[in-house]
Amino acid sequence: MNTTDQEIVLSAQGLVKRFGGITATGNVSLSLCKGARHALIGPNGAGKTTLINLLTGVLQPTEGSIFLNGQDITRLPPHQRVHRGMVRTFQINQLFDTLTPLQTLALTLSQHYRHGMRWWKALGNNHRINERCEELLEQFHLAEVMNQQTRHLAYGKRRLLEIAIALACEPRVLLLDEPVAGVPAGEREELLATVTALPEEVSVLLIEHDMDLVFNFAKCMTVLVNGTVLTEGDPDAIAKNEQVKAVYLGTEAAHG
Amino acid sequence: MESASLSLQAHSRWKHLETVFWLFALLSPWLLAKHALIINEIVIVALFALSLDLILGYTGIVSLGHAAFFGFGAYSAALFAIHVMPDPLLGLLFGAGISLLLGALCSVLILRGSDLTRLMVTLAVALILKELSNKLSWLTGGTDGLQGVMMGPVLGKFDFDIRGITAAWYSLAVTFLLFLLIRRLVHSPFGATLTAIRDNRLRAMAIGIPVSTRIAVIYSISAAIAGAAGALLAQTSSFASPDVFAFDRSADILLILVIGGTGWLYGGIIGAIVFKLLQDVISSITPEYWTFWIGAFLIALVIVGRERFLYPWKWFAKR
Chain A
1 MNTTDQEIVL SAQGLVKRFG GITATGNVSL SLCKGARHAL IGPNGAGKTT LINLLTGVLQ
61 PTEGSIFLNG QDITRLPPHQ RVHRGMVRTF QINQLFDTLT PLQTLALTLS QHYRHGMRWW
121 KALGNNHRIN ERCEELLEQF HLAEVMNQQT RHLAYGKRRL LEIAIALACE PRVLLLDEPV
181 AGVPAGEREE LLATVTALPE EVSVLLIEHD MDLVFNFAKC MTVLVNGTVL TEGDPDAIAK
241 NEQVKAVYLG TEAAHG
Chain B
257 MESASLSLQA HSRWKHLETV FWLFALLSPW LLAKHALIIN EIVIVALFAL SLDLILGYTG
317 IVSLGHAAFF GFGAYSAALF AIHVMPDPLL GLLFGAGISL LLGALCSVLI LRGSDLTRLM
377 VTLAVALILK ELSNKLSWLT GGTDGLQGVM MGPVLGKFDF DIRGITAAWY SLAVTFLLFL
437 LIRRLVHSPF GATLTAIRDN RLRAMAIGIP VSTRIAVIYS ISAAIAGAAG ALLAQTSSFA
497 SPDVFAFDRS ADILLILVIG GTGWLYGGII GAIVFKLLQD VISSITPEYW TFWIGAFLIA
557 LVIVGRERFL YPWKWFAKR
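These protein sequences, in sequence, are chains A and B. Here this note's numbering is used: the first residue of the first sequence is 1, the next is one more, and so on. Here this note's numbering is used: the first residue of the second sequence is 257, the next is one more, and so on.
Just to be clear, a hint being listed does not mean it is correct.
To be verified - Distance ranges between label pairs, derived from CB positions: (1) Gln139(A) <-> Asp499(B): 56 to 62 Å; (2) Arg368(B) <-> Gly14(A): 27 to 33 Å; (3) Ser539(B) <-> Tyr155(A): 48 to 54 Å; (4) Glu63(A) <-> Gly398(B): 55 to 61 Å.
Just so you know, these hints were derived from the structure itself, not from any lab. C-beta: ideal position from N, C-alpha, C; glycine also.
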């Protein structure tokens, strides 16, 4: 899959998703190089989250195929895509409410290190996992709340945990679905710092409405409108693109 | 920062109260020899409740037909004693093993659909088995059931006695060992992934947990333990009848978990003690209307709240 000098890690080809008569995703192709900082933008209802759901296997595409590291993963169940290094976060927090952040991370790491079937050892018995837990809790400013049930945490902390879980899986491809959505100003910087500090070799696809973040972060952008790709290019080109401006400023009836 | 390892393992450490509880429980057949029969009943029901809690409380899988596995274990153990050999422990293993297989088979049915479909499917399996136990009279003795199942001595030494002391002790020992196993399991990484599935199945998948496989595994384990409880009943009462598959049994065990609390190892045990003692006491006063009083108790429990009902000293605690 070496089309250029850069290695393509994730590629979607001709993805179509129809719900009954409604086409949520219409013939979308997308590829992510190793270490990519790729943003996916578009107005509300453009099909960004649907696309993430297709890539991660929550939804099955009506047509088209998805390749991860050159292998066809179109029909793989979600958990096997995670095993192959593709991890996501959710726009709306999806957490384990009755567990503490510490337990959540310990269990995620256990699963990641393939200890998920170990029933004879206690959770917390593994030195490597405990250390990694402590690192992540520190990195995501969750150390002081690590023993509180997740459902009692403040929204900003829950948001941080949402991303910490994904990073505990040591992704090679990370799909971030609006990571800073709803995060209060004081806690935003913490989050942004962790997003910018992601390891270089991790390929990131970022969905975000916050244009400051998008233009700071992305080296490449795809604009999605009404379920199809409007245009793709580097941030400068996108910023100058008349069609994109029209969609965002609403001078055209293209609002999706 | 408090160490991760300490915090994580705090749950799995033995508490003094637990040790005291189990010491008393294991000695109870001698201390309360007159009540050995009811102790045996309570223990079997507690083990059955524990098995259901593994799927209901810990994994979030509802079931209205867990008696399917209880009954299957009971019949398997009884048939094993009649046709193969009367050794209780081998019979118990056989009963649990057969129920494990049935559980693995049935787990396919509960993977898809909503909670409502799961309630219906599990109920249906228990009803089908009950009807089969009625019809296949050449094997099961039909409505009369299998009577006078002769059991050999436990470990080749301890004969079952008429007062039920050996029976109570045998059930207690088996339940204690299985409890230790379950205790290990729920505090392990495997157990944590089950809680993850219960709390948020979508996220569980997104961190790489093979959700369907995990559910199938715990469902089979739960079935095996329910089967062991059924086997204990058949062995200690020398009897197995279609009643072991009855809907009441599945419903009672749900009630017991509601009384004691789900997702907590001692919930099923406390629930079983409370339920069985209430049943025993009330039905000795008013044999026909005991379900009325059980109903009244449940309503009171819901209104007052379990915490304050079972632990009256919390009435006065600051809230």
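Now for the hints, and whether the structure bears them out:
1. Gln139(A) <-> Asp499(B): 56 to 62 Å: 58 Å, holds
2. Arg368(B) <-> Gly14(A): 27 to 33 Å: 29 Å, holds
3. Ser539(B) <-> Tyr155(A): 48 to 54 Å: This hint holds: roughly 52 Å between Cβ atoms.
4. Glu63(A) <-> Gly398(B): 55 to 61 Å: Check passed, 57 Å falls within 55 to 61 Å.
No hint from the list above goes unmet by this structure.
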